[in-house]
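Respectively, the protein sequence lines represent chains A and B.
If you use the numbering used here, the first sequence corresponds to residues 1 to 472, in order.
If you use the numbering used here, the second sequence corresponds to residues 1 to 472, in order.
Quick caveat, the hints were computed from the structure, so don't treat them as lab data.
Do not rely on the hints blindly, as some may be mistaken.
What the hints assert, rightly or not - Covered stretches of chain A, going by a simulated chain B footprint (3 or more residues, C-beta under 8 Å):
#1 13-19
#2 33-46
#3 75-86
#4 105-119
#5 130-139
#6 163-177
As the structure is a computational prediction, the values presented were derived from the model and not from experiment.
Even glycine gets a Cβ: it sits at the ideal position worked out from N, Cα and C.
There are 2 protein chains.
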Amino acid sequence: MTRPLTQPAKGTRDFLPAELRRREHVARVIREVYARHGFEPLETPTFERLETLLGKYGDEGDQLVFKILHRGQPLVDGIRSAHAHLQEPGAIVVGRSGEVARGAETLLADLGLRYDLTVPLARVYAEHAGKLPPVFKRYQIQPVWRADTPGKGRFREFYQCDVDVCGSTSRVVEAEVTSAVATALRTLGFTDFQIRINHRALLRALIEVAGLPVEKEGEAIVAVDKLDKIGADGVEKELAQKGVSAEQARALLALVAPLDARAGADALDAFAARLGDHPAGQAALADLREIFALAAHGPAATHLTFDPGLARGLGYYTGAIFEIAVKDLAGSLGGGGRYDELIGMFLGKPVPACGFSIGFERILVVMEERKMFPAHLASVDVRLAATDDAHLGAAFALASTLRAAGISVELQPKAEKNVPRLRKLADESGARAAVWLGGEDATPRVWLRETPEVREQVLGVEALVARLGPRG
Amino acid sequence: MTRPLTQPAKGTRDFLPAELRRREHVARVIREVYARHGFEPLETPTFERLETLLGKYGDEGDQLVFKILHRGQPLVDGIRSAHAHLQEPGAIVVGRSGEVARGAETLLADLGLRYDLTVPLARVYAEHAGKLPPVFKRYQIQPVWRADTPGKGRFREFYQCDVDVCGSTSRVVEAEVTSAVATALRTLGFTDFQIRINHRALLRALIEVAGLPVEKEGEAIVAVDKLDKIGADGVEKELAQKGVSAEQARALLALVAPLDARAGADALDAFAARLGDHPAGQAALADLREIFALAAHGPAATHLTFDPGLARGLGYYTGAIFEIAVKDLAGSLGGGGRYDELIGMFLGKPVPACGFSIGFERILVVMEERKMFPAHLASVDVRLAATDDAHLGAAFALASTLRAAGISVELQPKAEKNVPRLRKLADESGARAAVWLGGEDATPRVWLRETPEVREQVLGVEALVARLGPRG
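With the rest of the complex left out, here is chain A:
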């Protein structure tokens, strides 16, 4: 008999206790910090109507949505339609893009797995508008799914962690969001990070000042977004491919080049001269000045850095944009910005919004690499055993007493004669104490981690509770 496959499905992971505790630690810190900033939790269903998801993430995104099969008669009808679709002239070949399969998918499926946390937020905002406060500040930490080719550090199921404010155009929102993210990162132990900030309207103004035609704006933003990865030469080459002249490209690259003094609001003054008298650009600069002035009073102050070359790839930003850069780390730990024309997609009217998405999975990888996790996250306080069967009841009673006092106890289900083995188990798991009882004397004996010189002592139950009372 061949053993059945027991690995998790391709691109997914089982989270065993030790790893899950690290994930929960990060999620707990973020939740706690976001809640302290007045953000409220939201959770949306794992699957949405397929029509809710499709058409929101571009062609490639549509293909990467996991689709759930129709059930019953609609499935039978779907099979017939999909088969007919396959018979259409020229439809037989499936290219890399999966053209045929794509056409057939929507005939066979009616639901899709959550692809990000933004479209569900927009749907919730439209559906529950009457029940939500006019300014809705929510955070959401939930998995999303992409039918991508899994690779190193790339998964088909992974967590996203978004914080967004819907319904306000105030710059206080940008200050709040960056403040929350900076506090979360600092609480997790990151110190050497920058929150790079720029403004889409400023970027558009620079593109205009450089002389690029307005229809090249989107492509120019995508090219500038690659500045960190492919350098100025690479960006110039890409712009040339898009029909931008070398002169225009160089002018743009000069305009978005890093400032000598990037830190703080002073950089904005230094930059104003580059822009000249461009009303929309100056208005964007005034926006950034306001954000810097507000943030100066908060925890993001020392992290916020103006960077005119920051572009962010996504099309939907309309105002300030952010990205977290960590010293000696390629890529970012998250990003965000103002996007005033997306959350209203289901309402049919614009809703101002600004948010930040922390790279939850990336943060876990970096914290692991840099050994930033506390040594024994939430291990039990006490490893407890009876040394003979006759004392199993007494051991269970002691476990109950300790637990009632808030102390976590792992009780060995069978008698453990080998006390050194119990101590070793306790030591390796990071427990604060090993406790055992048995023999003629039913008084518990204790090995305490914090007093290694006293390798064993006899303590009454009350003394034990006093000694091990719940951790801070």
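Here the structure of chain A is known, so what remains is to put chain B in place on it, guided by the hints.
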């Protein structure tokens, strides 16, 4: 333009902040209690290989698994095969049972959504055997999905909350599991619940003593399981339909009838006479005696009640079985038992196991109905506003100071001139204070919930922090 549908997909729910906080409160209590009992957290992927899921939940279960469409060429091949399958003689009609669709589903799909938390646990136990401790105590709180017809209180996406011990035959396990569940329920505020306990081997012995043939055992257990719902007459009728004689049925009903003194271990002694000299039955009674003796020292002691009529519907139990009954509440809040032949399904060898599944969604409904939730779960401590635009920066700075001191603050993104409105917002949301600043005097003014007679006072920042310092 018609507005797109924005309700969550059929059978699923959006959890807005107030409801989610109640759900998180229940999950937090359960996690905390289970961890104190030495259980470790586990999370498994949302979808599994379809072959991992199918054949584990019976024919009906197989149909209720949500299936995820193949992608690319396998989907095209699947459509062709499924269409050919539809052309088979007699295959065209789809009955209520969805026969045809079922045959086609496995040709079109390769993944399925998690249907329960037990099959994934069995898969994890086989896959990661080397990394897990020999006795693996885990809890898992995650959603599962069933392609069922949604109805009142019935959803297609709902949470399960399981606690299980794998790898030990010790009765300490039964005592630990019931202790953990009883503590969780008590911590949530339930007092009037019983943990009914019985034993599958005892039930089988009673069925034999009543004279039923061994091949009727399964049907007899299913019938006895309905005792609470349809009464003794109903069970007798059902047994008659299954070919059990009226005499045998009545004998069985007399054997499983409630005891006069149901409470505690004494009931077991009173019961022993009914059973007579049946070795397997007496062994099962000895098992129950041991569990009662252990549990007597713990928090489940006053809740544990022997009930020879408890049967549990599921086929896989092999030892003690439990079910939570709450006074004046139809149905149960959860159940479980020992099942020594299931967790090894992927390993090919038996693994002893015992667990308990708390009815997470049901508990939420009951706590809601009985108003058992704390009044303002995790609302912000302070509602803060500037009363004019000039003080937005000072308000943001104050928010940052309070938050750094561990106080949660909701800052109004725009200036709020209307102080009574701010106070009302604070009052309604359960905040401890409303704070505002502005005008000529930038000192914060405070309305505190706990001193309603002082409707407003002036406090310096330090005094404010001291007064509002983080809640216990």
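Hint check:
1. 13-19: holds (count 5)
2. 33-46: holds (count 11)
3. 75-86: holds (count 7)
4. 105-119: holds (count 5)
5. 130-139: It holds, with 5 qualifying residues against the three required.
6. 163-177: Answer holds; 7 residues pass the 8 Å Cβ test.
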